[in-house]
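Enquirer: Using the sequences and the accompanying hints, generate a full structural model.
Read top to bottom, the protein sequences are chains G, X, P and D.
Mapped onto the numbering used here, the consecutive letters of the first sequence carry residue numbers 686 to 1022.
Mapped onto the numbering used here, the consecutive letters of the second sequence carry residue numbers 686 to 1022.
Mapped onto the numbering used here, the consecutive letters of the third sequence carry residue numbers 686 to 1022.
Mapped onto the numbering used here, the consecutive letters of the fourth sequence carry residue numbers 686 to 1022.
By construction, these hints were calculated from the structure, which means they are not laboratory data.
Check each hint, because a few of them may be wrong.
Since the list gives no way to pick one copy over another, a pair counts as held whenever it fits inside one copy or between any two copies.
Think about it this way: if two alpha-carbon atoms lie no more than 25 Å apart in a straight line, the pair counts; the simulated SDA-like pairs of lysine to any residue are [said to hold, decoys possible]:
hint, residue 1, residue 2
1, 691, 948
2, 854, 912
3, 989, 694
4, 887, 817
5, 691, 711
6, 880, 829
7, 803, 1002
8, 1009, 1020
4 protein chains.
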Amino acid sequence: MIVVLKPQAQKEEIREVVNELKAIGMDVQVNEGVECTVLGVLGNTYEVDADSLTLHPFVERVMRVSEPFKKANRKFHPDNTVVDVCGTKIGGDQLSVIAGPCSVESEAQIVQIAKEVKASGASFLRGGAFKPRTSPYSFQGMEFEGLELLKEAKAETGLPIVTEIMSPKHVERFDRDVDVIQVGARNMQNFDLLKELGHSKKPILLKRGLSSTIEEWLMSAEYIMAGGNPNVILCERGIRTFETYTRNTLDISAIPAVKRLSHLPIVVDPSHATGMNWMVTPLAIAAIAAGADGIMVEVHNDPKNAKCDGAQSITPAEFDVVMKQLRSSAEIAGRTL
Amino acid sequence: MIVVLKPQAQKEEIREVVNELKAIGMDVQVNEGVECTVLGVLGNTYEVDADSLTLHPFVERVMRVSEPFKKANRKFHPDNTVVDVCGTKIGGDQLSVIAGPCSVESEAQIVQIAKEVKASGASFLRGGAFKPRTSPYSFQGMEFEGLELLKEAKAETGLPIVTEIMSPKHVERFDRDVDVIQVGARNMQNFDLLKELGHSKKPILLKRGLSSTIEEWLMSAEYIMAGGNPNVILCERGIRTFETYTRNTLDISAIPAVKRLSHLPIVVDPSHATGMNWMVTPLAIAAIAAGADGIMVEVHNDPKNAKCDGAQSITPAEFDVVMKQLRSSAEIAGRTL
Amino acid sequence: MIVVLKPQAQKEEIREVVNELKAIGMDVQVNEGVECTVLGVLGNTYEVDADSLTLHPFVERVMRVSEPFKKANRKFHPDNTVVDVCGTKIGGDQLSVIAGPCSVESEAQIVQIAKEVKASGASFLRGGAFKPRTSPYSFQGMEFEGLELLKEAKAETGLPIVTEIMSPKHVERFDRDVDVIQVGARNMQNFDLLKELGHSKKPILLKRGLSSTIEEWLMSAEYIMAGGNPNVILCERGIRTFETYTRNTLDISAIPAVKRLSHLPIVVDPSHATGMNWMVTPLAIAAIAAGADGIMVEVHNDPKNAKCDGAQSITPAEFDVVMKQLRSSAEIAGRTL
Amino acid sequence: MIVVLKPQAQKEEIREVVNELKAIGMDVQVNEGVECTVLGVLGNTYEVDADSLTLHPFVERVMRVSEPFKKANRKFHPDNTVVDVCGTKIGGDQLSVIAGPCSVESEAQIVQIAKEVKASGASFLRGGAFKPRTSPYSFQGMEFEGLELLKEAKAETGLPIVTEIMSPKHVERFDRDVDVIQVGARNMQNFDLLKELGHSKKPILLKRGLSSTIEEWLMSAEYIMAGGNPNVILCERGIRTFETYTRNTLDISAIPAVKRLSHLPIVVDPSHATGMNWMVTPLAIAAIAAGADGIMVEVHNDPKNAKCDGAQSITPAEFDVVMKQLRSSAEIAGRTL
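Expert: Structure below.
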């Protein structure tokens, strides 16, 4: 962290800032120049509130040099994190494909879809039991009943299940029943939930918030990791921009950015990113090409009658075609599927 | 809701869509034109999933005519809602001023600030006990201890207290101890929390999410109201844009927009909107001029050493000046302070 | 400008960067710390390309300390600039009100509106002769014929005229016939046009671009000023965000920000900012309250049949009411109208 | 276009709106429903100003059904447009690769780069002679001298040249000397320039504006096409969002969107989209995977000393590697390179 002092700052004033920083455990190097003095602040600068420092009447500007996250930072963990889910790896050579309906709707529905996506090569089953809906009048999911149906689908197919948690009250239950616990975009900065998940033993799939920067997203991963759970999988699902043609804007550059900044695996959800089923294929292929560790796709046996997000779901038959196309992309990317 | 069918849609196909809509309780008027058929859908269209409808191969486009919120809608409740908090009104002729520190830090601090802002004319005391911080390494608030200190400050000054809730687990306790329960911007779409607050008897101050549209914000109010709690106070606190000079961009037009769309009161938080204490005065005055029902300001007796958000806090002396300037603005706006 | 070098940078490498900076006329202070070396770069740092510096394999980060604009910077020109237009001042104690139709449509129309807005207290007449329209099939303005009609309206009322230029080919003609030359939001970074206007003798009203930062906007003013024309008036007209309820989002905080960063006057256009005529009054009042030097309002005698932007225009009668309400706001702000 | 009237609209009022629409050549079908009347407006609805219609006191809402562009619309031109540049095609089976430095700096520089990128397989040479720079104090390009150097590089290598135009005054000269005339992002809505280019005989490479929607971008293409020039090549180069890690956010979904809405070719510029040279490869591959017709890449023989945008340029050796990687991507996409 660099603190630039105003040209008129006096010796005692400089000493005051330095002492303040030392008091909270920082190491400070004072660089006295001809025109102004620059402080180099070393140590656990995550704990320094840069905004407050600028309140000193003789501080001109405070600039961070290092990222504010530590456990999620590739600098301190150069090797890729590979998350193990019931023996299946996320973040290794093999690409992960998470597929399934937006919502669990019935036993027949979820079991059938699970079988079909497995046949096409999916390695995980997704399905919403608790649904975050913009309107209180929309279908809110089958809740715990949906969770039970997911477990049946897992029993039938062996596919590990990925499903979204919405309340810290459910952590214990999810910890027992779910293989990968998903945190939705709208809860990315639900810090209370993140803290509880830090105590979970299950891998967490953390979706990027609608208007979160990459740094904020990694800070949310840091919350979970700081609590003791190192198994975080990031999921880019589109950010909000002024463009209205697509539901969100898939930030494809977030993939190489995350790969450089962090060691955590990253998957891409092209279904939510665009909200249009005909865009799933080109964006899934592009995501793999850009270096993603996998994709998460909404597949529904009857999109027209889906209880939510039908417009962005593809059918099992379409999913089968996507998988075939992904295979050659995976190869070029030096990955297997 | 208007459903435009494709020119090539056949009679049976049109009938299929119509029946589907009728099956979920809608009333449908079929307008057969020379070039295409347009369906007018009447009824509780909140429950229709517009996205799914567009999956029909012969549906061209679906357009909503009415807002998706009902209880928060001025159409169905033409008079302003005036929220009563321990006898003090929010949303009436008198402007509400909520003032206090970002975080409760000690008994001396909160009691002193409470006394000073009261002397200057504030009608509510704010102060964070549970703090949503981007970093897990930042000060997270004094939690329940902070809540106790707020109660002491209330006992000393009589000011009702406004403080943020972060977990559905705390609703019972807040319901008992807090006068206005605040939902922070990052939790605006924490639907689980909103549902629980629908059962609370206390007024809810609902901050607008960082990248939420006005419609989504009102839908979150709808969640609370649908649960049985009609006392929602909206709080505009700046939205996220590409501009980096200010922390956020205060959406001043949200004030007249909310006043037209809804009957709920709206206050403005100029401290979080800009992140700069020297902007608090001009924006507070502008907010009142634009029709806001009050403001929420961060006041700290020692901003330089504040445990959070010091850069946006003003001192009690500065707050006193703001209050004087607001007085004449209030008068022009036909309000009292 | 601060250049932070990587910890592993060697003496010769540091010398290389230093020499490079000195070669382009900079003064460099080397601050060797225990962990890394920090360079303080002084001089005309506007001319240093920060991006290129980061290409050095041993440069960690480059951070600007001072703003990249000079002539528009309040630091070098502490007093407010007051622009004189035919004897009427913009930026002084008296607020400026620029009113008129989106487009000049006929002699009768422009003369009538000019008379009415003058009677209500407007000090400038606006009217588009060349119109920037999103569609090539929309009305493109009466062009030079429109310019002649504006001159007639000026002859009848004495109101100086403000109108938009769209091509560098027209600078000579506008320089002769127009009192304030407007640069539209879409041309804010039409650098070729800005350069030509630097040679004009007429004041330039520079609208903020749809997604321009405040810094970029001031850099565009700098282009005009660097060319020799110091008379730039800034106009905030709303920025593009994800919000769709309003056409744009009025950035009210840009007013105090510009006042702090620059000495140039700033006016606000509430008509374009929201696109809704019923929002003009609250936002005009708020703009004055926040410190704007004036407003620019679309007034049309027959909005329903206006050739463009009817939805955001108010009638002369409504304008008269706005002016009355602005009067008391002006007083509080310590200004006259 | 659909016009929804308010429930209380009377017969005469409906007739008034209908007559108004008929007066401008529209065909109107009146659909009288039980609760409200809906007008279906047919014909050249591009010419109807939807905003003005909403001013009618009994019009509830106006909604466009069809896109506002015609010549750029795939509906009226189902086959892909293939642009022929000196015998090389853009938009056909073969991918186009446009490579070269941000700015032309000297004869040696541009000729050397041209030879190297040609050797690696580029089909076009790019290089800026007129440079749009945010600061008036930055290098503004070699202007016409740069244009002459580009011609020499073309003479040496046979590569057609792509370079940016900044003023309508230069159209004649560019029309003679340049093979593909580029319109930069900041000039995407410089309508005066677009109109002049409509009369040019040369293909136009139209970059997407920093905050332009896909629809606005296609409307700018429509301006050029409406003037008589059908040869427009679209170039996605990143849009502005709140994310600050990358310079812009590459909108990868714009590729399939443009392909569906329009018949025009689209290329992607990963250099400007991110501003970081190490992101060029993954994003170029992703763009091809998503269906782009080519890429435009900044290549500089000495990025560290480039006069602009060095941070986003790659070296000829790195470009050679990119080309090799693109080859296999092209194959999967069913294209050649």
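Enquirer: Look at each hint and say if it fits the structure.
Expert: Results for each hint:
In the homo-oligomer, the alpha carbons of residue 691 and residue 948 lie at most 25 Å apart only across protomers (21 Å), although the nearest pairing inside one protomer, at 39 Å, exceeds that limit. Both within a single protomer and between protomers do residue 854 and residue 912 lie at most 25 Å apart by alpha-carbon distance, with minima of 17 Å and 19 Å respectively. For the homomeric pair residue 989 and residue 694, the shortest alpha-carbon distance between copies (17 Å) is at most 25 Å, but the shortest distance inside one copy (68 Å) is not. For a Cα distance limit of 25 Å, the shortest separation of residue 887 from residue 817 qualifies both inside one copy, at 21 Å, and across copies, at 24 Å.
Taking CA atoms no more than 25 Å apart as the test, residue 691 paired with residue 711 passes in both settings, with 21 Å inside one copy and 20 Å between copies. Taking the shortest Cα distances, residue 880 and residue 829 sit within 25 Å of each other both inside one copy (22 Å) and across copies (17 Å). For the identical chains of this complex, residue 803 and residue 1002 are intra-copy neighbours only, at 12 Å inside a copy versus 43 Å across copies, given an alpha-carbon limit of 25 Å. In this assembly of identical chains, the alpha carbons of residue 1009 and residue 1020 lie at most 25 Å apart whether taken from the same copy (14 Å) or from different copies (18 Å).
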